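Chain residues, written in single-letter form:
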Amino acid sequence: MSAVAPCLDVPLEAYLAVCTFLYREARALDEERFRDWLGMVTDDIHYWMPIRENRFRKDKRPEPTPADAASVYNDDRTDLDHRVQRFESGLAWNEDPPARVRRMVTNIDVESGDTPDEYAVYSNIVLYRNRREDEEGWFVAARRDRLRMTETGLRLARRHIVLDHNVILDENLSVFL
Amino acid sequence: MAAHIDNAVTEPDPNGIAGLLPPDAAWQDRRIYWDEDIYQQELERVFARSWLFLTHENLIPEPGDFVTTFMGEDRVIVARGRDGVVRAFLNSCNHRGNIVCRADSGNARSFVCHYHGWAYGLDGALADVPLEKDIYGDDFDRGKLGLKTVRVESYRGFLFGNFDASAPSLEDYLGEMGWYFDTFMAVPGGAELLGPPIKVRVRANWKFFAENFAGDFYHAGWTHAAAVSVIGGALAEVQGNKAVAPGYQFTTTFGHGFNASPGTEDLFPHIHQGEIAREFDDWMRARIPVVRKELGPERAEIYNAIWDGTMFPNTSFLRGIDTWKVWQPRGPRELEIWTWTLVEQDMPESLKRGIRHSNEKTFGAAGLLEGDDGENMEGNTNTAAGWVTRQQPLNAQMGLAREHAHPVFPGRVSQPADNEASHRNLLRMWRTMMLHEDWDKIMAARRAEYAA
Chain A
6 MSAVAPCLDV
16 PLEAYLAVCT
26 FLYREARALD
36 EERFRDWLGM
46 VTDDIHYWMP
56 IRENRFRKDK
66 RPEPTPADAA
76 SVYNDDRTDL
86 DHRVQRFESG
96 LAWNEDPPAR
106 VRRMVTNIDV
116 ESGDTPDEYA
126 VYSNIVLYRN
136 RREDEEGWFV
146 AARRDRLRMT
156 ETGLRLARRH
166 IVLDHNVILD
176 ENLSVFL
Chain B
16 MAAHIDNAVT
26 EPDPNGIAGL
36 LPPDAAWQDR
46 RIYWDEDIYQ
56 QELERVFARS
66 WLFLTHENLI
76 PEPGDFVTTF
86 MGEDRVIVAR
96 GRDGVVRAFL
106 NSCNHRGNIV
116 CRADSGNARS
126 FVCHYHGWAY
136 GLDGALADVP
146 LEKDIYGDDF
156 DRGKLGLKTV
166 RVESYRGFLF
176 GNFDASAPSL
186 EDYLGEMGWY
196 FDTFMAVPGG
206 AELLGPPIKV
216 RVRANWKFFA
226 ENFAGDFYHA
236 GWTHAAAVSV
246 IGGALAEVQG
256 NKAVAPGYQF
266 TTTFGHGFNA
276 SPGTEDLFPH
286 IHQGEIAREF
296 DDWMRARIPV
306 VRKELGPERA
316 EIYNAIWDGT
326 MFPNTSFLRG
336 IDTWKVWQPR
346 GPRELEIWTW
356 TLVEQDMPES
366 LKRGIRHSNE
376 KTFGAAGLLE
386 GDDGENMEGN
396 TNTAAGWVTR
406 QQPLNAQMGL
416 AREHAHPVFP
426 GRVSQPADNE
436 ASHRNLLRMW
446 RTMMLHEDWD
456 KIMAARRAEY
466 AA
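Chains A and B, in that order, are what the protein sequence lines are. Each residue of the first sequence is one higher than the last, beginning at 6 in our numbering. Each residue of the second sequence is one higher than the last, beginning at 16 in our numbering.
Worth double-checking, as some hints may not be accurate.
Covered stretches of chain A, going by a simulated chain B footprint (3 or more residues, C-beta under 8 Å) [to be verified]:
{"hint": "1", "stretch": "70-79"}
{"hint": "2", "stretch": "95-106"}
Capping the alpha-carbon separation at 30 Å, the derived lysine-lysine pairs in DSBU-like fashion look like this [stated by the list, open to error]:
{"hint": "3", "chain 1": "B", "residue 1": "Lys159", "chain 2": "B", "residue 2": "Lys148"}
{"hint": "4", "chain 1": "B", "residue 1": "Lys148", "chain 2": "B", "residue 2": "Lys163"}
{"hint": "5", "chain 1": "A", "residue 1": "Lys63", "chain 2": "B", "residue 2": "Lys163"}
{"hint": "6", "chain 1": "B", "residue 1": "Lys308", "chain 2": "B", "residue 2": "Lys367"}
{"hint": "7", "chain 1": "B", "residue 1": "Lys163", "chain 2": "B", "residue 2": "Lys456"}
{"hint": "8", "chain 1": "B", "residue 1": "Lys367", "chain 2": "A", "residue 2": "Lys65"}
The set of hints was computed from the structure by calculation and includes no laboratory data. These figures come from a predicted structure and were not determined experimentally. Heads up, the beta-carbon is just placed ideally off N, CA and C, and yes, glycines get one too.
Construct all of the structure, not just a fragment, from the sequences and the given hints.
Right under this line is the structure:
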């Protein structure tokens, strides 16, 4: 054990807890248990997916920030709640019959966070969506998360989704990554 | 179905457009949203001759700033020269055809083709050819090998391009629409866009989106029932088709049209929420008197309105949401939706930022309302794969023959906002452009038809 332990920035139990959290989160979303998912995020959540422009390598402009980026998501908890309410309304025609959505979460790396109760978590996600008879969409992204240990367990406090698309190649991105 | 042959049209009509929708466009043969030959004619007759949105001045403020975009399916570069003038030209090398600029935006001194290194300046002129003196003879004339340029004209900072030298000026092409655009573009400070555009590919014909934004208020309460039930505000009253949308539908001579559904001093018509809604309300409260003073009571009334509109052929916008979109065609059965945020330049930065978020949340790639539309338009388009289905005409008769002139509002006015006058008007312009080979005839035909 002494040879492998230095590779971990956090205790093994913490690494496993983070992995389990991410898998459970993906399973809740795959199963459309959106209220359960909202229960897994903090009240001060910032959920951000900027668009990815094609820029030359020599381009010196700074990377966009949540304040100035064009974004797919730039949400606080109220925004996320609105999206969930839309699903729950029974009036979202394009979600009925439901799509088949599957998330594959990989490359999970856990570091200590800025504060003792937080972890900086890196992961990749592939989301496959199959709708109607034959409509297929794939979304691939890296995620830079901040997970916070609370009295009731781990919660998602920040998510920066680095989407690997320029043009969104399916008709909408109304899925949580 | 009976072919409606327009007696005024004597020009060749190889795809039989005159029989695919009548002069009043009250119905349409589905082939206009499906057929590849018609699409190719559309690229030539509509997209290669119309004023198409490029970008806003403020998105390329410095010399060397550029964006790449499309006019129809033609790739173009829009660049600000060292002299401060914005020019646009094809983004395809004149040697072997390759793309000369692969970035969406940036700042450049020149655009160098990756294939052999031909370099074009910010004006599209061929500036450098590697080994030119050694490998080309005296008959090689760089001066004749510049990239084909696009006419660029600005309407209050909004830059449009046109490939056709014989097309009317942007201002003439806008016609009465300029007066309406001024409602939010000629206010002190003017309007601007926040970019870069968000791009989404949808498997539908571009015209279904263009006509929807031109005037389909009818769908708002039903298609978007879920989203409006959540976000409330001014649109909530039409949720689930509980009520007819109040307000007007406007059409103009050259195909541009929109709905305006006014609000009140108690309920400003927008879909912003929370702090941004309050900030927007404060802005409106202070701004409406300014608009009334500078532009008159009629435009103050529609300034305080939620708008959905399309500038022919493929530039659309929503005020009160505040989105600006271009429907980029990708064949007859696919398009890209490009979305910017529309704001007034004098708004405080916090309000601009809030409006951007609000637009992205409702009409961005994961927009609460945007997602509802895509599937409808795909269904409208792709059902035409069935041969029998394709023979069933589509209906657009709502509000037929109810348009009228107005003492102040230019163009034609219809009421209520639930109407298909602007939808038909867009397709009537489309029909006219598809049938006529030159712009003088297009304008004469449209003016005659509009006066009738």
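Hint by hint, here is what the structure shows:
1. 70-79: holds (count 7)
2. 95-106: Answer holds; 5 residues pass the 8 Å Cβ test.
3. B:Lys159 <-> B:Lys148: This hinted pair holds, its Cα atoms lying about 16 Å apart.
4. B:Lys148 <-> B:Lys163: 24 Å, holds
5. A:Lys63 <-> B:Lys163: Answer holds: Lys63 (chain A) to Lys163 (chain B) is near 27 Å, not above 30 Å.
6. B:Lys308 <-> B:Lys367: 24 Å, holds
7. B:Lys163 <-> B:Lys456: Given that 30 Å is the threshold and the Cα spacing comes to 26 Å, the pair holds.
8. B:Lys367 <-> A:Lys65: Distance ~24 Å between Lys367 (chain B) and Lys65 (chain A) Cα, so the pair holds.
Checked against the numbered hints given earlier, this structure breaks none of them.
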